[in-house]
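Line by line, the protein sequences give chains A and B. Reminder that position 113 of the first sequence reads as 116 in our numbering, one-by-one numbering, no gaps. Reminder that position 568 of the second sequence reads as 569 in our numbering, one-by-one numbering, no gaps.
There may be inaccurate statements among the hints.
[Claimed, not checked] Okay, the calculated bits of chain B under chain A, using three or more residues with CB under 8 Å as the criterion:
#, region
1, 13-22
2, 27-36
3, 43-53
4, 58-65
Just so you know, these hints were derived from the structure itself, not from any lab. Every residue, glycine too, gets a C-beta built ideally from N, C-alpha and C.
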Amino acid sequence: MDKRPSPESLLPLPPATFHILIALADEDRHGYAIIQDVAARTNGELKLSAGTLYRSIPRMMDQGLLVETTTRPAPDLDDERRRYYRITPFGIAVARAEARRHAQLVKMARVRGIAPEKA
Amino acid sequence: MRFYRALLHLYPASFRAEYGDEIESVFRERLRDASNPPAVIALWISSFFEILLNAIGVHWDILRQDLRYTTRTLLRSPGFAITAILVVALGIGANTAAFSVTDFVLIRNLPFPDSQRLVKMWQTTSGYDQMEFSPLNYRDVKRMSKSYEGMGVVVPSAVNLVGQGDPQRIFNAFVTSEVIPLLGIQPLFGRVFTPSDEREGAPGTVLLSYQLWQSQFAADPGVLGRKVILDGFPYVVIGVMPPQFHFPSAEVALWVPKQFSEQEFQDRNDNYLQVLARLKPGVSLEQAQAEMNVTMLQLKREYPGENKNTGGTVIFLRDEISGKSRVMLWALLGASACVLLIACANLANLLLTRSLSRQRELAVRAALGAGRERLVRQSMTESMLLAVSGGCLGILVAVSAVPLLTRLVPNTLPIASTPEVDFRVLIFAGLLTVLTGVVFGVLPALRASGNKDMDALREGARSGGGRKERLRAALVIAEVTISIVLLISSGLLIRALWKLQGTDPGFRADGVLTVQTSLPMPKYEKTARRVDFYDRVLSGVRALPGVTNAGYVTSVPMLWPGGIWPVSIDGQVVERTASHTVSMRYATPGYFATLGIPLLLGRDVSESDTTDRQFVAVVSQSFARRYWPDQNPLGRHFQLTFHDRMVVGVVGDVRVRGLETASEPQAYLPYRQVPDGMVVYYAPRNLVVRTAGSPTVLAPSIRRIIHEADPEQPASDVQTMDQIVEAKTASRTVQVRVLAAFAAIAFLLAAIGIHGLLSFAVSQRNREIGVRMALGAASGDILRMVMRQGVWVALAGVIPGLALAYIAARLMQAILAGIQPGDLATFASAAGLCVVMTLAGCFLPAWRAVRIDPMTAIRTE
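Chain A extracted, bound-state conformation (with noise of 0.2 Å):
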């Protein structure tokens, strides 16, 4: 197996890459799913489009930051065609540098007076 390169290595991130990781932090989802949870954290302003998670989702896997998994949920909530993505304690590693990164950001953005003080 190749050895896993630093989280920092992928650093910055594409956008879509890091929705998808963040919609994936708390629970296993679907394309779809992910394309809603982006969709509803955004306020509707990030749409997915299926094509851009498609592209995304094999590089990811290559990646190593998500695998897909064989666990379903209960038949009645399931569709077959579906299929279910989980990050990877790399994915979050790598999920944790890129908020990292943009803290960081924000912090200096913040010590030049053109971002807004901590509510």
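Given the coordinates of chain A, assemble chain B onto it according to the supplied hints.
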């Protein structure tokens, strides 16, 4: 929904299989969520573009992934990668360079509008099938012909240009006013000649070539109206021609109107006009030739004496190229095509071998779920990567090779002297190799992935079926065949070159320097004035340290084939046939000694041979033999250049026309025995100097002496006699070198092919060989077994190769300089070389086979 599914086909199949259903279901859900018709339409539109963009993205992702994988695997077998890339580069590069030159010289239309209708016309007579027209015959032919839109004459010449820096010797062409419009070319600026410019006594006008305008006039836009001095006469610049205009050849740098004087219409046998014409639309060359035949027949009837053996011929301007140049270029092109074929065969072989050794890897990947499309795509990426890298290197090869081939561009055509790399053929050769790569790279992957029973996975399975082995053997046989053809062709040409270089030119070229001083007329019209110039230069040069001798002559051998004059004996009527012409030169005393032409009988021309004494001549041995066989030629008389002459000396024959062509007998006339103003064109212009040391170091001193004798006189064409002789075989030397290089490449590739084939065969038969040895086979038996296969392949290639080589040699006979196409020595050495190559190719694999340890070989299974 069906439309959406169709759209998904833009994705690679593997991706579609993996995520197609899911993407579709997401789209279905979004469609369900869309609240109103405008939202549905918006969703459709955005989905369409999104799939389009994303599909490209996914393809790109896979390509990058494949490229990474390919680079990794290629780096793991650098020998394979380097060989494949070099093979492709050589094939593409050699072919592109050779085709670029051939196309430029032989195939492409000349750079004139409607150039297919441009023709050249020549007089013919027995022994000469392309002779210039005389003004009288030209005037009559022009009047009587109906096939042409226009007709004009060209007289290539050279003039001394004074007043633009140092005096310069420049090639020019006298043209009548019809010529440039007939070619269909407009000047870059200024005007072309009009009939009033060619009236006798009209003020001199001149058109400059773009190149001369750049180099000597600093591209001055105000050059029009400027006065230049050519051969002592003033001319006004009336225009500059465009950069790509070269006529009648690339060396001509200015054009002057041809002004005919009445005097020129006196002698029907004074031939010096090249005739250019443009056929009327719809008139074929055959019709024009038929008309020419009728016209010349009529002129023969009207002037039975002068036109006794005279005919006329019309040829396309395009075809003004010697048969030798043509054959040489076709041979080169054929050879380069052979190299391309071998390159493709070798690439195919390399890829096949590789696929066999990777069969298990492919089978494993197929078993692990890699789809057929992914495997094929992966192989395709590898082949393409090899082909494209090879192609890029091939472009470099072509670009650097084309300038080396410029010596093969004959200087008789109205085209630039350096061809450019032809990108169409580059693309063609590139596509061919890519196709080879794709076919032979992808087929194995297709087969591997289609192989459902997973044979290849079974431990100890023998990969490489008999069919594939036969295909690989056939490819190697083809390589051997082609390389034999190339070996023999270049071998024959090398023999021809050696033979020519071994030909005795009749003089000693080493240690001789030649300098040209063309004396302008009428400044030097008076014989006494010329004699004064020659004497001052010669006495100065002879006094230089190291100079052993010096002389002046009309033209040294091999530089100028002209000066062919008819000879008559005892006042008989002159017939202009090959059996009555001689090569005529005026010479100063000391010329023969300087060039090392042996004086066999009598004496040299002397300072006392003046116009008030008996006119004399020194003739060559063949001259004496032709007219006075078995008799003493000294004291005999003949008529040449309007005078009766007495033979006072006999010298050895000289190859005036070069090493390959037979020459007319020679007659040398004393430089003082010319009445003023007569045959001034033949006034000696080549200074020849023999030194004990290196000839070239003398050049500055000689230039100074010439400058002192006449400050306005340019000294041009400073070269050694060795260079002149070498230039005569230069195009041949280049061709031989290129062909030999091609042959060497082909030979090497064929050896690699044999080696690869046998190595692989041995590695595949490891177990069999082990078993044989365990059962008591001696190493000699094993050696024989491997060698037998190699020898069989070599023989199967050599035998048809010899036959094909003979056919190729027959086609090249014109440039073989008398070497027989079936030359035994060449054929035998090529076959011998092939045996050596086979043995060398067999050696390593055979050695490896002998050293197989039976126990290990059997146990691994």
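Results for each hint:
1. 13-22: holds (count 4)
2. 27-36: Holds, because 4 residues of the region 27-36 of chain B bring their Cβ atoms closer than 8 Å to Cβ atoms of chain A.
3. 43-53: Satisfied; 4 residues make the cut.
4. 58-65: With 3 residues close enough to chain A, the hint holds.
The structure agrees with every numbered hint stated previously.
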